[in-house]
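**Q** Start counting the sequence shown at 101; every next residue gets the next number (our numbering).
Among the clues, some could well be false.
[Claimed, not checked] Pairwise CB distance ranges (calculated):
{"#": "1", "residue 1": "196", "residue 2": "278", "range": "47 to 57 Å"}
{"#": "2", "residue 1": "280", "residue 2": "201", "range": "48 to 58 Å"}
{"#": "3", "residue 1": "251", "residue 2": "121", "range": "35 to 45 Å"}
[To be verified] Simulated crosslink set (DSBU-like; lysine-lysine; CA at most 35 Å straight-line):
{"#": "4", "residue 1": "293", "residue 2": "405"}
{"#": "5", "residue 1": "293", "residue 2": "320"}
{"#": "6", "residue 1": "320", "residue 2": "405"}
I should point out that these hints are in silico values taken from the structure, not numbers from a laboratory.
Beta carbons are placed, not taken as given, at the ideal position from N, Cα and C, and that holds for glycine.
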Amino acid sequence: MTIATDPGCVLSARALHLVGCGLVVLDAAHAIVLWNGWMVPRSGYAFARVRGRSLFEVFPELRGTKVEAAVLAVLAGGAPVAIAAAAGRAPFPLRQAGSFDGARLEQAVSVTPFCEGGERFCLVEIRDVSGNMDRERRLLDHAESLRARSYVDGLTGIANRRHFDVALERELRRARRGGTPLSLLLMDIDSFKAYNDHFGHQEGDACLGAVARALDAMCKRPADLAARYGGEEFAAILPDTTLEQACAHAEAIRCHVAGLRLPHAPGAAHPHVTLSIGVAACVQGWADTPASLVEAADRALYAAKRSGRDRVLASTDPAPG
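Can you make the complete structure from the sequences, with help from the hints?
**A** In structure tokens, the structure reads:
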């Protein structure tokens with residue numbers, strides 16, 4: 101490929117060196133016939149050093165990559181190829197201008213065929229997308245942070261109702277697929293209205309936080325989930341746990357909270373803060389949907405409260421009707 105010497109061509113060549121991306125032209129033998137000014141400080145190679153050499157001799161690590169495949173396909177008569185940017189993708193060993201030991205520029209590469217004087221060439225365009233990728237990572241991190249916060253109860257710091265609903269649906273599907281047990285605990289702080297009326301809402305919030313931390317500490321397995329269900333109600337999802345095992349675990353939670361010996365209001369049923377707990381388990385053909393499992397645990401919870409509070413009761417019968 102020869103460069104004409106008329107003023108228009110000279111102006112075009114100068115403009116190519118001012119473009120804010122890498123431009124490399126290869127002939128049919130993969131030899132470099134154009135290497136614009138953007139490439140020089142980022143590769144460390146002046147055009148004089150690479151002219152006429154194979155691109156894959158200058159950058160041996162490009163062999164076997166998508167860049168080589170694109171060049172071969174385009175020069176063989178194929179259509180233009182775009183290699184999209186992705187985190188950590190830097191096929192060409194290019195760095196910030198003047199930096200020879202810094203991180204590689206993240207790149208988007210496109211390869212476009214063209215003909216000149218009856219010969220076939222391809223234009224390799226290399227764009228620095230490092231800034232775009234940094235912004236994308238920050239956006240993804242921010243989105244992940246927002247998503248995580250949307251699953252956490254702002255007052256107690258444990259899982260919120262949204263997280264509970266998602267987790268219960270997921271664990272029920274898993275239990276049905278694997279034929280494994282799944283249990284649910286619903287818990288209520290006894291006489292909490294009296295606590296709030298006597299100590300005030302600020303102390304009431306502190307009480308909710310203390311109970312939440314105690315509950316979370318008792319749900320130690322990775323798949324267990326402690327959640328604030330709403331108001332003074334809490335829940336625990338216990339995968340791979342039978343009804344009998346769940347009752348034993350619920351009793352341990354009840355004793356743990358009672359052992360905190362948080363003073364209760366004078367008008368409360370007990371002198372210290374206590375929990376009533378209802379327990380239900382997923383059984384084939386019964387309590388095998390989120391709604392039915394929650395309903396079964398809720399019935400057991402209110403039976404525990406009606407029978408004196410500060411106790412654990414299990415639901416073993418299908419819902420009426």
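**Q** Now tell me, hint by hint, if it's right for this structure.
**A** Hints and how they fare:
no. : hint                  : in the structure
1   : 196 x 278: 47 to 57 Å : holds, 52 Å
2   : 280 x 201: 48 to 58 Å : holds, 54 Å
3   : 251 x 121: 35 to 45 Å : holds, 42 Å
4   : 293 x 405             : holds, 14 Å
5   : 293 x 320             : holds, 30 Å
6   : 320 x 405             : holds, 26 Å
Consistency note: the structure conflicts with none of the earlier hints.
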